[in-house]
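Trainee: Listed here are the chains, written in short residue letters.
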Amino acid sequence: MDYDIKQTTAWVTGPILLSLVLFGTMPFWIEAVGLYQYLGVEVLIWVIFALGFNLLLGYTGLPSFGHGAFLGIGAYAFGLAQFEVWPNLWFCLAASVVVTALFGAVTALFLSHRRGIYFALMSIAFGQIFYFIASKWTDVTHGEDGLLNIQRLPVELGFAQLSIRDNAELYYLCFAIYAVLVIVLWRLTNSPFGRLLRAIKQNETRVAFVGYPVTLYKWAVFTLSCAIAGLAGGLFAMAQEGAYINVMSLQWSGIVVLMVLIGGGFVSFWGPVLGVALYFVARDVLGAYTDTWLLWFGLMFVVLVMFKPQGLAGIWQDLSRRRAAERPGRTASAGMEG
Amino acid sequence: MALFEARGLHKRFGDQVVLEEINLAFEAGSLSGIMGPNGAGKTTCFNVLTGRYRPDRGSVRFDGDDITGWAPHRIVRRGISRSFQIMNLFDEYSALDNVVVALPSVRSRSFDVLHAIDADSEAQDRAETILDRVGLRGRERVNVRSLSYGERRALEIGVALATDPRLLFVDEPTAGLGTGATARLAELIQELKRHTTIVMIEHDMRFLFGLADRISVIHWGQVIAEGTPDELRENPWVRRSNLGGLA
Numbered sequence: 001m002d003y004d005i006k007q008t009t010a011w012v013t014g015p016i017l018l019s020l021v022l023f024g025t026m027p028f029w030i031e032a033v034g035l036y037q038y039l040g041v042e043v044l045i046w047v048i049f050a051l052g053f054n055l056l057l058g059y060t061g062l063p064s065f066g067h068g069a070f071l072g073i074g075a076y077a078f079g080l081a082q083f084e085v086w087p088n089l090w091f092c093l094a095a096s097v098v099v100t101a102l103f104g105a106v107t108a109l110f111l112s113h114r115r116g117i118y119f120a121l122m123s124i125a126f127g128q129i130f131y132f133i134a135s136k137w138t139d140v141t142h143g144e145d146g147l148l149n150i151q152r153l154p155v156e157l158g159f160a161q162l163s164i165r166d167n168a169e170l171y172y173l174c175f176a177i178y179a180v181l182v183i184v185l186w187r188l189t190n191s192p193f194g195r196l197l198r199a200i201k202q203n204e205t206r207v208a209f210v211g212y213p214v215t216l217y218k219w220a221v222f223t224l225s226c227a228i229a230g231l232a233g234g235l236f237a238m239a240q241e242g243a244y245i246n247v248m249s250l251q252w253s254g255i256v257v258l259m260v261l262i263g264g265g266f267v268s269f270w271g272p273v274l275g276v277a278l279y280f281v282a283r284d285v286l287g288a289y290t291d292t293w294l295l296w297f298g299l300m301f302v303v304l305v306m307f308k309p310q311g312l313a314g315i316w317q318d319l320s321r322r323r324a325a326e327r328p329g330r331t332a333s334a335g336m337e338g
Numbered sequence: 001m002a003l004f005e006a007r008g009l010h011k012r013f014g015d016q017v018v019l020e021e022i023n024l025a026f027e028a029g030s031l032s033g034i035m036g037p038n039g040a041g042k043t044t045c046f047n048v049l050t051g052r053y054r055p056d057r058g059s060v061r062f063d064g065d066d067i068t069g070w071a072p073h074r075i076v077r078r079g080i081s082r083s084f085q086i087m088n089l090f091d092e093y094s095a096l097d098n099v100v101v102a103l104p105s106v107r108s109r110s111f112d113v114l115h116a117i118d119a120d121s122e123a124q125d126r127a128e129t130i131l132d133r134v135g136l137r138g139r140e141r142v143n144v145r146s147l148s149y150g151e152r153r154a155l156e157i158g159v160a161l162a163t164d165p166r167l168l169f170v171d172e173p174t175a176g177l178g179t180g181a182t183a184r185l186a187e188l189i190q191e192l193k194r195h196t197t198i199v200m201i202e203h204d205m206r207f208l209f210g211l212a213d214r215i216s217v218i219h220w221g222q223v224i225a226e227g228t229p230d231e232l233r234e235n236p237w238v239r240r241s242n243l244g245g246l247a
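Just so you know, the sequences run in chain order A and B.
When you line the first sequence up against full-length UniProt numbering, it's residues 1 to 338, in that order.
When you line the second sequence up against full-length UniProt numbering, it's residues 1 to 247, in that order.
In short, the hints are calculated from the structure, not lab data.
Owing to the predicted nature of the structure, the values given are computational and were not obtained by experimental measurement.
Backbone N, C-alpha and C define an ideal beta-carbon position, used for all residues, glycine too.
Errors might be hidden in some of the hints.
[Claimed, not checked] No more than 25 Å apart at the CA atoms, straight line, and that leaves these computed lysine to any residue pairs for SDA-like: (1) B:K193 to B:W220; (2) A:K136 to A:F159; (3) B:K193 to B:D164; (4) B:K193 to B:G227; (5) A:K308 to B:E92; (6) B:K193 to B:E128; (7) A:K308 to A:L295; (8) A:K308 to B:S146; (9) A:K308 to B:N143; (10) B:K193 to B:N143; (11) B:K193 to B:R139; (12) B:K193 to B:N88; (13) A:K308 to B:R139; (14) A:K136 to A:K308; (15) A:K308 to B:K193; (16) B:K193 to B:R206; (17) A:K308 to A:R283; (18) A:K308 to B:R145.
[Unchecked claim] Calculated Cβ distances over 12 Å to all of chain B for the following chain A residues: (19) L80; (20) R114; (21) I177; (22) V210.
All chains, full assembly: derive it from the sequences and hints.
Mentor: Here it is in structure tokens:
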């Protein structure tokens with residue numbers, strides 16, 4: 001299982017544009033399809049988190065199962081920066097990113113020379129350590145109560161100040177960040193660095209034997225992925241108007257893995273986006289009919305892993321290949337490249 | 001002084017001593033062979049010489065530097081490369097991409113996160129030249145999984161060559177090859193020998209004796225015989241063990 005071989009030099013591709021149009025117009029149609037504005041905020045934040053997570057799981061093949069901890073650290077960092085230092089949006093988001101990246105960088109020192117099951121177990125262990133610190137260090141985190149009353153700080157643009165108190169307004173802040181991030185990550189995954197990450201996934205030993213210090217690259221990508229998780233965490237703190245410990249739990253760390261796998265993060269750049277969207281739509285649509293929606297979602301996961309481990313993106317790729325085969329003379333659709 | 005020299009290498013795994021006392025020296029420009037029965041410690045010896053395992057005792061010197069215990073990537077950057085007996089490629093990449101990843105020019109920009117390698121025509125050309133050298137012209141865009149066994153063996157060597165080594169270790173290159181492919185491989189190694197110092201583990205004695213300048217026989221974790229192919233043909237131990245198989 002892997003991404004398309006062909007690399008692209010483009011900064012903006014068809015799928016990126018499509019995602020920008022879809023997400024960019026979402027506040028105008030989400031209520032018309034029976035959903036609500038806050039759902040859009042949640043989807044975008046988790047998309048950001050999952051795209052960063054997939055650098056580890058999908059691209060480098062590192063099974064990191066404690067990643068929720070870094071989302072939580074980002075949220076706490078945002079709240080603490082706001083309460084204790086300077087309630088400025090850009091400053092607090094930067095604090096989320098930097099603090100979480102530091103936690104990630106230290107964690108990665110212990111993880112980056114491990115692989116496979118040992119990497120997975122160590123990542124769970126670190127996730128649990130951070131979870132328990134957050135739950136016990138009540139002076140700082142307020143434990144189970146969470147850090148309450150985190151404000152949605154206005155967007156300072158120098159010449160203007162935009163409020164993001166309203167969910168649709170906050171959505172557009174998340175969207176702007178998504179738009180930048182998706183282009184940067186698209187370039188990154190198609191760069192020499194991105195190609196090396198994929199080489200590490202395929203054969204770590206050989207990467208070392210053609211002259212790369214593998215540990216350094218694993219450390220770097222882990223830290224980067226944590227920085228992105230921190231960014232998502234900062235936005236999440238504003239969305240929830242608080243920082244809570246539950247996202248740091250093993251269960252939530254598992255859910256992001258689930259999202260990325262269902263979406264097809266192993267075969268497509270877009271896997272995490274599809275997986276997150278499916279998860280939240282399932283939660284709200286299935287959840288409207290039954291409290292046991294997670295059971296059905298779990299069953300869907302089992303079926304997918306058994307019959308189509310490449311996930312939704314894999315199904316899409318099969319369909320577009322079949323379409324291309326039926327229309328000779330045309331190359332495979334670029335619908336899900338990467 | 002020899003380009004590469006190993007002195008008194010000792011390696012044990014648990015209570016099993018795999019390398020007892022290995023002394024080897026390879027001269028610049030030569031092709032050295034290593035032979036010995038299965039389980040004699042040949043591949044372990046390679047693994048110690050190329051940094052995969054750290055020796056428990058002894059030293060490894062390359063071109064004046066003590067490289068004992070260096071990590072593999074440092075040894076590669078110093079100018080030593082290796083191919084593997086069990087194929088060790090990037091299975092999801094094309095033949096070309098396997099070579100591109102290994103190029104020093106690409107390695108030096110491995111923290112570049114913005115540009116595409118496909119746009120780097122110099123690297124592409126270099127990789128194509130290497131593939132041409134190992135006989136894979138026209139197969140550049142083929143996925144590794146779709147290459148034949150013999151082609152993958154050739155690519156194994158191509159990837160090792162891409163790092164631009166001064167000393168190349170080749171671990172059983174003919175393993176599993178038919179006679180035609182073995183003959184082509186012999187030509188390739190003859191050609192490589194003109195530019196690169198080569199050390200080769202090989203079971204196919206006809207192949208090895210035809211190519212090597214000097215051969216070391218490893219058994220019980222020690223070098224038990226050493227010499228030119230002609231000298232070794234006369235060596236009583238080689239004759240007795242029938243390793244030569246050439247008489």
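Trainee: Could you run down the list of hints and mark each one as holding or not?
Mentor: Comparing the hints with the structure gives:
no.	hint	in the structure
1	B:K193 to B:W220	violated, 29 Å
2	A:K136 to A:F159	violated, 43 Å
3	B:K193 to B:D164	holds, 13 Å
4	B:K193 to B:G227	holds, 19 Å
5	A:K308 to B:E92	holds, 18 Å
6	B:K193 to B:E128	holds, 20 Å
7	A:K308 to A:L295	holds, 19 Å
8	A:K308 to B:S146	holds, 22 Å
9	A:K308 to B:N143	holds, 22 Å
10	B:K193 to B:N143	violated, 28 Å
11	B:K193 to B:R139	holds, 24 Å
12	B:K193 to B:N88	holds, 23 Å
13	A:K308 to B:R139	violated, 30 Å
14	A:K136 to A:K308	violated, 42 Å
15	A:K308 to B:K193	violated, 48 Å
16	B:K193 to B:R206	holds, 18 Å
17	A:K308 to A:R283	holds, 22 Å
18	A:K308 to B:R145	holds, 20 Å
19	L80	holds, 30 Å
20	R114	holds, 16 Å
21	I177	holds, 18 Å
22	V210	violated, 4 Å
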